[in-house]
Amino acid sequence: MKTATEGSQAIAQAVTMCRPQVVAAYPITPQTHIVERIAKLVADGQAACEMVSVESEFSAASVVLGAAAAGSRAYTATASQGVLLMSEVLYNIAGLRLPLVLTCANRAVGAPINIWNDHQDSMAVRDAGWVQIYCTDNQDAVDTTIQAFRVAERLELPVMVCVDGFILTHLFEAIDLPTQAEVDGFLPPYRFSRALDPASPRTLGTLVTPAYFAETRHALDAAHGRALGEIAGAADAWSAISGRESAGPLRVVGDEQARIGVLTLGSVFGTLLEARDEMPELGPLRLMALRVFRPFPVEALKAACAGLSDLVVLERALSPGGGAIVGTEVRAALSEMATPPRVHAFAAGLGGRDIPLSLLPRLVAAAGAETPTRFAIIDVDLDKLAPEDR
Amino acid sequence: MIEVRIHGRGGQGNVVAAYLLAAAVIRGGYHAQAFPAFGAERRGAPVVAFVRCRERPILRRSAVERPNFAIVQDPALLRLDATLAGLRDDGALLLNAGREAAWNGTSAAARWVGLPATAIAEETIGRPIPNTPLLAAFLTLTGLVPLDALTAVIDERFDAAKAAANRRAVAEAAARVDEGAWADLIHEKQADRVRETTGQGR
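As given, the protein sequences belong to chains U and A, one line each in that order. For this note's numbering, add 11 to where a residue sits in the first sequence, where the first one is 1. For this note's numbering, add 2 to where a residue sits in the second sequence, where the first one is 1.
One or more of the hints may lead you astray.
Claimed, not checked - Simulated restraints on C-beta separations:
#, chain 1, residue 1, chain 2, residue 2, range
1, U, 289, A, 41, 23 to 33 Å
2, A, 41, U, 295, 31 to 41 Å
3, A, 185, U, 289, 55 to 65 Å
4, U, 401, A, 12, 50 to 60 Å
5, A, 58, U, 346, 49 to 59 Å
6, A, 47, U, 266, 44 to 54 Å
7, A, 12, U, 244, 45 to 55 Å
8, A, 166, U, 254, 34 to 44 Å
What the hints assert, rightly or not - Quick list of in silico lysine-lysine cross-link-like pairs, DSBU-like style, CA-CA up to 35 Å:
#, chain 1, residue 1, chain 2, residue 2
9, U, 51, A, 164
10, U, 51, U, 13
11, A, 164, U, 313
Note that these hints are calculated values from the structure, not bench results. For each residue, glycine too, the CB sits at the ideal point set by N, CA and C.
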């Protein structure tokens, strides 16, 4: 049944339908509406969970870490500097192999302070060991949130569901919300094999010497290796219930004959799809949304790029001094192909700058460049900068 | 695509107006989206929200640059260039021309209608919240969706007393404007109508 609602309200509804036992969060724009709504559902008696208001994101992450370790299904949400303040705990959660779900309402990271959307926050914790899924729209956010708990609990890995701040969190549109029975049928009660229990004492997170540390890292990486299959399985199982298409790690739309592809993450995918529909003169194109960024879906990406001469990677973050983050990974992955496409890497939409439909023809034009762009930020107004920074 | 930009001040229910309008047009069979212009909101500051609607699903998540319609909740906002910037030449302006000084009508928009929405709200709701009277006038002028769609979403959003007061505001505002005067500006109507409804409230 479709309900006209704001993205944050829908995500909050989806979270409570997953019956978390503990939610801990600290409010930060643009995540606020999600946790406000969960708090209200709890206060109104419509969600039976412990809602813990904490004094910082560090504490929010620590509370859900403890809750998950004690065998509770737990959830938190944050954004921007909040992700960074959590970062130490995020590494601990993944290292301890605790199943948790976190919504990142993607926002730029200061300084300068900026409340608007880009992906710098979640990219900053790319290597923390969390699964990262970038949602293309609010229906995707609802469906992915529900699947995330199952993926997390089956793999004993934390899952970060990345949702574009404001652009999706504050967007009001019609969304198909599942029924409680549908979610209950999909998501069994949480049972944690290593739950802390005074009746059977054990230690979690003890000192690990050089003799074992590399093995823990290997295990974490190996769990990510299994995650793609688990994510696909969850997507198929949820698709059977929801009736919606099963979302793979990489959403590919477009022409099999296309020679030019554009790969992006998050909500800009819809904008590019509409631009393609409105501009048939651009010729055949293959558009891709990289939904699952961790684990990185190398094989799916290679398959999706078969036959392409050029791939433009458009991302909403960068590694200063290094250039593209996603673009560099894509380039590395595709180098395994016999005839890889040339990769042109761009960042756009930083700190909330709009990405209009008119960007697509420019990306297509960039794909025809004699020399591929290793990395560039689109539309930087150099006149605003000191001469040495131009 | 029909794009509407709603201007107001923090505390006037500007975002609520956009959400109500989107909910009403979805109920009326369109696909729609609404979103605020995101900023550091505070009471009294100029704020903006947007509504898009059309027959087909809307996939774009980009900003509205060239709205077909502007709804302005406070006439003093016309002093800001941004208030009418980008409004289409073949678009129209709906202005809360309450007790403030009358607007002289100079705009890129060829057509405009003034409504004493604050006065209507004070009489019917008892508070100077002009958003629902303006939405009622907008739907009456354009015929985009029946007024029933708006009253239905009002009933869903507000408690019984507030809903009843807002219904009175809607009826009063609708009676003050020419029904269908802007119907020619709604090009989407001629396209295939989406029969899918949201199922809300059923």
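Going through the hints against the structure:
Against the hinted window of 23 to 33 Å, the Cβ-Cβ separation of residue 289 (chain U) and residue 41 (chain A) comes to about 29 Å, which satisfies the hint. The hint said 31 to 41 Å for the Cβ distance between residue 41 (chain A) and residue 295 (chain U), and at roughly 40 Å that hint holds. Take residue 185 (chain A) and residue 289 (chain U): their Cβ atoms lie about 26 Å apart, and the range 55 to 65 Å is violated. For residue 401 (chain U) paired with residue 12 (chain A), a C-beta distance near 38 Å fails the hint of 50 to 60 Å.
Our hint of 49 to 59 Å for residue 58 (chain A) and residue 346 (chain U) is violated, since their Cβ atoms are close to 40 Å apart. Between residue 47 (chain A) and residue 266 (chain U) the CB atoms are about 47 Å apart, so this pair conforms to the stated range of 44 to 54 Å. For residue 12 (chain A) and residue 244 (chain U), the hinted distance range of 45 to 55 Å is satisfied, since their beta carbons lie about 47 Å from each other. Checked against the hint of 34 to 44 Å, the pair residue 166 (chain A) and residue 254 (chain U) passes, with Cβ atoms roughly 38 Å apart.
A hinted pair counts as satisfied when its Cα atoms are at most 35 Å apart, and residue 51 (chain U) with residue 164 (chain A) qualifies at roughly 21 Å. Note on residue 51 (chain U) and residue 13 (chain U): the hinted pairing holds, with a Cα-Cα distance of about 22 Å set against a maximum of 35 Å. For the suggested pair residue 164 (chain A) and residue 313 (chain U), the alpha carbons sit about 57 Å apart, so the restraint of at most 35 Å is broken.
Going down the numbered hints, you'll see the structure goes against 3, 4, 5, 11, while the others check out.
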